[in-house]
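> The chain contents come next:
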Amino acid sequence: MTESSRGCVLFATMEFYPTTPGGAGILIHHTVCLLLEQGFTVVLLFDGGPSEFAQLIDVDRRKIPLADRLLIYRVDDLCEDLDGAPEPCPEIAVSKSIRLDHALRKLTKMHAVDLIELYDYCGHGFHYLSRPIEDRPPVAIRLHSTIELIERKTRMPLLPDRLCLYAMERAQLALADVILAPGPAYYEQEIRPRYPAITPDRVLISPPAHRPIGQIEYDPDARSVAFYGRLSTLKGLDTFLRAGVLALQDPVFAHWLEQFVIIGPEENVATALSESELRALIPNDRADRFRFTGRLDHAALLPQLQNVAFACFANRVEAFCYAAHELHTAGIPLIVNRIAAFEDGFAEGNGALFFDGTAFDLADNMKRLARDTALRQRLSQYGKQRAASYWRNHYPGHLAWLRERRATRAEGMVDRTLASLALEAKRAALATDGIAMIAIAPTVTSGIAAMLRDRPDCRVLMPEAVGLAAGLDRGQGIAAAMQAMGNAGCRKIAIDTGLPGAAEFAEQFLQADADISVFGLLRERTPLGVGGTLAAYRALGPWLRLATRFPARVSAASTSQALTGLFSRCGALTFTVPIRLPALGKTAAGDDDAIDVIVIAGTGAVSSTAHMIMAVAQARRGGLPISRLWLPAQDTRAVAMARDFAAAPIIERYENLGDAFRAGARRRVALQVFPDDDALPDAAAVALAAGALPILGPACAFAGRAAFRDLLCIAFWEDAMAIANGLTRTTECFGRLAGDYDQFRRDREEMAKAALDSLLAGSSAPVIGGP
Amino acid sequence: MIRLDRSAVGEAVRLFEGHAISAAEADELCARHPSREDFLVELWLRRGALARCPELAAVVERAGKNRSLASGGAEQTFYESVFASLDRHEPTALYVPRWHGVATATRCLFRQAVPIPPSPDRRPDDIGDAGIAAYTEILLTSGVRHFIISGGDAFHLALIRSVLQRDAGIRFDLVWHANYLQLGEEAPWRLFRQWLQAAERGLITRVGVVKAGLDEFLHHLKIDAVALPNFIPVDPERYNRGKVADVVGIWLSGSSSYRKLPHAMIAAVKAMRTFCLKGSGLGAEGLALVTALDVPFLQVFEDVIPHERLLRAIPNTAISLYVTISECSPMLPIESFSLGVPCLIGPSSDLFRDHQLLREMLVVDQPYNPGMIADMAVAAVARRGDVLAAYSRYNKEVEVQARDALVRFLA
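In the order they appear, the protein sequences are chains A and B. So for the first sequence, my numbering puts the first residue at 184; every next one is plus one. So for the second sequence, my numbering puts the first residue at 667; every next one is plus one.
Next up, chain A with everything else stripped away, as it sits in the complex:
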């Protein structure tokens, strides 16, 4: 760090704008410029080829203001003396990581680096981060989107030979001093559920810096609709094209539209469909309405935007998406997919219109925005006005936070755990009159732990905080938790039974303090299916033994009556907490006589939909006016069967369940009739929220109300005749059932609250169910 510098930040990267393409390179470029502008020194460790490096040094660097404090190195240059690198390495990320480690160790000896920033994908910081913390400066991992996340979100096969890469990504995220997230929604929705090791106490929100590429004079008479991004399914081009074709079915929109303009280069990797397959989504007779420009640089892009009325971003996964913000701040109105990154980046209605990810909804929004000139102008104006707000330096705050954290960390890992836990518990105790229970559970969005999280008298802690993470001594973890509970005056501890070592942990608690009671938080349902069932049951074995050994001090709680039933019969005090049900969505304003049926595949031991398709066919032959049948797109046998048996006049296939609940008939019924112990399958919740009534199997929540039996709850679940009967009767009394459901849902809410009260009191098990 030079005398005049406010600090030194090192970026290690394979991307840098404009030398290489990619959003990460743009982010680092903008951040570097911002830091230099504000008096920081920046070290750029570039991992690229010699020609790219020459371009960077000789051309691109010269365009950066205050570049005298920008020090650029190339990884290969620093690794000339690296011996014994495992070349060729089976996984290129491993050799990249080894070389980066070597280069970083050299650079950190040469410069007083305050912070090293790496990106999250490919795990290239794995080897460097594996070194002792005292031997290196703080390391931040910035969330862009890991390869694992992208491949999961795009439903690409998670191949065994990628596991090493995923593991490296996960390891560096776990080892980093701090995680920089572009926004809170992205962290909460995309990262936290998949990476429980990234606890909130290590996450800083650090919105990317951005500069407009220029601004246009918005033309309200412009009539082109733009797609801007790589030609891939990851960027949602398939959705865009499908939506475009759908929108063109509307003659008003077709007349209004000049053309769809698709701007971007071909993408061969992060896409489920090739460019030619994507182009094939456009019917021949519509081909002249779509124009592909190929890749355009910013200079060439701006003239194109002059004739754009609005742009659509149907991207499936993003951390930020510079492309969207570039057009937004240029003054182009946007329609964006409702993903976390866009929720962080845009205010709905002001910054952009949101659609729900389906082509249907995007088409509707296209038509809406095409009709509404005033709205387009308002969106354009908002984007331009907002442009300056992106240029904000968060690094002084990040560095201060890291210095404080390092000081705390220096006291040792266990002390840190103890301190933070005690502090958390103390805060909770101050915030209430005392907490009744400390619960240890991984990040959850459902189940009892999620319900407890909402209670002021309960504190939910991550397992790492109490020594249930690898690398922490369990005994010391228990000591920390004991102290925390002592601070809070709490003698009850709930533990998610699915956590590795949870039963052993509970046993140590019970032995260490005779006054402590332990509540095992069981799964939400009994183990399903063929695979994994044994393992899931096995995990219950130690808890059943604990219940026998400590009959008065071990309790079990679950949303599954089947599981609590097992434990109660084995002598444990149990608590069954009913799951919360969603409100029934507004019924679609459609044809009163028509009926849409949506068949949903099973997720447990049984996946076949044959019994339901035969039921639909039977109901139709019995006179039920079924207008349309929706089937899972991948279930080709189901489609063949539905056609053979003439189950409906129109048979549709859905890839995304949401598509099946778009528009259609006023009465829509979802069939998901399976024997699984699942009070409300996820898909049924989607159906209810969309205003459709789900017909489920014998273990569903509806079994508890006599009025729903044989209608929304089919006991003889595989009997097509019984399902057909239930389908017919449900549609006949659709309105009454919708009303009954609303009351049922409110009753369940009350029961859930009472059950949680009992659980926290630890006194008695509420009775649920009954008519």
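Everything labelled a hint here was simulated from the structure, so no lab data went into it. On a predicted model such as this, the values are computed, not experimentally measured, just so you know. Here a beta-carbon is modelled for each residue, glycine too, at the ideal position from N, C-alpha and C. Among these hints, one or two may not hold up.
Claimed, not checked - Take a look, some chain A residues computed to stay more than 10 angstroms from chain B by CB distance:
1. Gln221
2. Val242
3. Gly477
4. Arg636
5. Asp775
6. Glu835
Said to hold, decoys possible - Listed next, the in silico SDA-like pairs over lysine to any residue satisfying Cα-Cα at most 20 angstroms (straight line):
7. B:Lys888 / B:Gly949
8. B:Lys888 / A:Arg804
9. A:Lys550 / A:Trp574
10. B:Lys888 / A:Gly532
11. B:Lys909 / B:Leu1023
12. A:Lys936 / A:Arg804
13. B:Lys888 / B:Leu1023
14. B:Lys888 / B:Gln860
15. A:Lys289 / A:Pro248
16. B:Lys909 / B:Gln860
17. B:Lys888 / A:Phe828
18. B:Lys888 / A:Thr556
Unchecked claim - Between beta-carbon pairs, the in silico distance windows are:
19. A:Ala718 / B:Ser785: 39 to 49 angstroms
20. B:Leu977 / A:Arg335: 48 to 58 angstroms
21. A:Thr476 / B:Glu852: 52 to 62 angstroms
22. A:Gly806 / B:Glu852: 56 to 66 angstroms
23. A:Asp827 / B:Leu977: 39 to 49 angstroms
24. A:Glu838 / B:Glu852: 47 to 57 angstroms
25. B:Asp969 / A:Asp827: 47 to 57 angstroms
26. A:Pro734 / B:Asp1070: 53 to 63 angstroms
27. A:Arg469 / B:Glu852: 34 to 44 angstroms
28. A:Ala890 / B:Lys909: 20 to 30 angstroms
29. A:Asn839 / B:Glu852: 17 to 27 angstroms
30. A:Cys347 / B:Arg1049: 54 to 64 angstroms
31. B:Asp969 / A:Arg732: 33 to 43 angstroms
32. A:Asp404 / B:Glu852: 37 to 47 angstroms
Add chain B to chain A, keeping to what the hints say.
Showing chain B alone in chain A's frame:
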């Protein structure tokens, strides 16, 4: 009263159960059945057709002395011998002995049942054109004019076509043993479509189904169909006194990887606390679960045990658990009841559905719910007398319905 010799007993078991038994086991059977009637009753419980067709039993005894069955010409000799004892005016069922469940059900349903191919070690898919030609000849020379195909393998269709080409006046019917759910599997769905086409083209006259309601579905497709429930007559006088009050039996056939899972049933035994487990066909996972949950057990087998051994094991239990998730018309529960042992089932067949007491006490609505299974099992054991009495009455009604259905099917 004729004392059976052990070689005849052993061969009868081999022919109709598909496995050889040792001389010691044959001796044991002989010792336990001093009379021919008792022996036939046991065989009837296992296979049914023997008891209702004493002539066939005699053939079996004779065939037991013919050791050359396995060789080439022996097959024809065997069929000649079998058909010689049959009434050619009587409808005759053809079944594949390799499919144990279907074979058992077929022999219970029909007075005359003939295995094609003759033994369980022969795969139906291996029957080529020469085999079809040979079986065509056997069927034509038998003089039987009405055959019932039980099961419906692909070779059966070729056999029907071959026979009808030679004699268009012979009638074929089909008994279809799969349920709705199984049609979601590739092979049954493909076969089912072929049989629907066969019905449309008049190759078969009538379809019998063992899944209740499927007949109604087929009526809508304009196919003549009759539901044929399985049943076994019971004699309440033969029930034992219920000496065993704390042993649970779980007897699985291992015929499905997803429709008959043992996990919840095994966990239920744990929840029954004072009960012990006996079981077979539990698979490696089942045995591992017994260990993981510390389920008290007397004897558990990973594999399926021979039927004869199963029938000896069931009476030494207080209750059978057959809480499976998908069935047609299951045999195990009615075999258990015929031996005086109540049996819980899942919500997956027509059994007990229209009988209030049995429905409430024996049909577990939630097949994945160990607590519910445990509660109902304890209650059924406590009320064993009531349950058996109710079952006895129920079974008489089912018998009437089944006989009536069979008459309609064969008409």
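> All the hints need checking, so say for each whether the structure fits it.
The hints, checked one at a time:
Every CB of chain B is more than 10 angstroms from the CB of A:Gln221 (nearest about 60 angstroms), matching its label as outside the interface. The beta carbon of A:Val242 sits about 60 angstroms from the closest Cβ of chain B, which is more than 10 angstroms, so the claim that it is off the interface holds. For A:Gly477, the requirement that its beta carbon stay farther than 10 angstroms from each beta carbon of chain B is met, with the minimum near 44 angstroms. The claim that A:Arg636 lies off the interface holds: its Cβ sits roughly 27 angstroms from the closest Cβ of chain B, which is beyond the 10 angstroms cut-off.
At the 10 angstroms boundary, the C-beta of A:Asp775 stays outside the reach of chain B, the nearest C-beta of that chain being 26 angstroms off. Non-interface status of A:Glu835 relative to chain B is upheld: no Cβ of that chain comes within 10 angstroms, the nearest being about 19 angstroms off. With a C-alpha separation of about 42 angstroms, the suggested pair B:Lys888 and B:Gly949 falls outside the 20 angstroms cut-off, and the hint is violated. Under the criterion of a C-alpha separation no larger than 20 angstroms, the hint pairing B:Lys888 with A:Arg804 is consistent with the structure, at around 12 angstroms.
Distance restraint check for A:Lys550 and A:Trp574: the Cα-Cα separation of roughly 34 angstroms exceeds the 20 angstroms cut-off, and the hinted pair is therefore not satisfied. A hinted pair counts as satisfied when its Cα atoms are at most 20 angstroms apart, and B:Lys888 with A:Gly532 does not qualify at roughly 57 angstroms. Of the pairs offered as hints, the one joining B:Lys909 and B:Leu1023 is violated, with about 24 angstroms between alpha carbons and a cut-off of 20 angstroms exceeded. At most 20 angstroms may separate the alpha-carbon atoms for a hinted pair to count; A:Lys936 and A:Arg804 exceed this at roughly 45 angstroms.
Between B:Lys888 and B:Leu1023 the CA atoms are separated by roughly 36 angstroms; this puts the pair beyond 20 angstroms, and the hint is violated. A distance of roughly 15 angstroms separates the Cα atoms of B:Lys888 and B:Gln860; the hinted pair therefore holds under the 20 angstroms criterion. Between A:Lys289 and A:Pro248, the direct Cα distance comes to roughly 27 angstroms. Violation of the 20 angstroms bound is thereby established for this hinted pair. Of the supplied pair hints, the one linking B:Lys909 and B:Gln860 is violated, its CA atoms being roughly 51 angstroms apart against a limit of 20 angstroms.
As the CA atoms of B:Lys888 and A:Phe828 are separated by approximately 12 angstroms, the hinted pair is consistent with the 20 angstroms bound. Taken as a hint, the B:Lys888 and A:Thr556 pair is broken in the structure, with Cα atoms around 59 angstroms apart against an allowance of 20 angstroms. Remark: the range hint 39 to 49 angstroms for A:Ala718 to B:Ser785 is upheld by a beta-carbon distance near 40 angstroms. For B:Leu977 paired with A:Arg335, a C-beta distance near 52 angstroms keeps the hint of 48 to 58 angstroms intact.
With their beta carbons about 46 angstroms apart, A:Thr476 and B:Glu852 fall outside the hinted range of 52 to 62 angstroms. The beta-carbon spacing between A:Gly806 and B:Glu852, approximately 32 angstroms, falls outside the hinted interval of 56 to 66 angstroms. A hinted range of 39 to 49 angstroms holds for the C-beta pair A:Asp827 and B:Leu977, which are about 41 angstroms apart. Checked against the hint of 47 to 57 angstroms, the pair A:Glu838 and B:Glu852 fails, with Cβ atoms roughly 22 angstroms apart.
At about 38 angstroms, the CB distance of B:Asp969 to A:Asp827 disagrees with the hint of 47 to 57 angstroms. At roughly 56 angstroms, the beta carbons of A:Pro734 and B:Asp1070 sit within the given window of 53 to 63 angstroms. One distance hint, 34 to 44 angstroms for the beta-carbon pair A:Arg469 and B:Glu852, holds here, with the actual separation near 37 angstroms. Hint check: A:Ala890 to B:Lys909, Cβ distance near 45 angstroms, so the stated range 20 to 30 angstroms is violated.
Look at A:Asn839 against B:Glu852: about 26 angstroms separates their beta carbons, and that is inside 17 to 27 angstroms. Against the hinted window of 54 to 64 angstroms, the Cβ-Cβ separation of A:Cys347 and B:Arg1049 comes to about 60 angstroms, which satisfies the hint. At roughly 35 angstroms, the beta-carbon separation of B:Asp969 and A:Arg732 lies within the given 33 to 43 angstroms, and the hint holds. Between A:Asp404 and B:Glu852 the C-beta distance comes to about 57 angstroms, which lies outside the given range of 37 to 47 angstroms.
Hints 7, 9, 10, 11, 12, 13, 15, 16, 18, 21, 22, 24, 25, 28, 32 from the earlier list are contradicted by this structure; the remaining hints agree with it.
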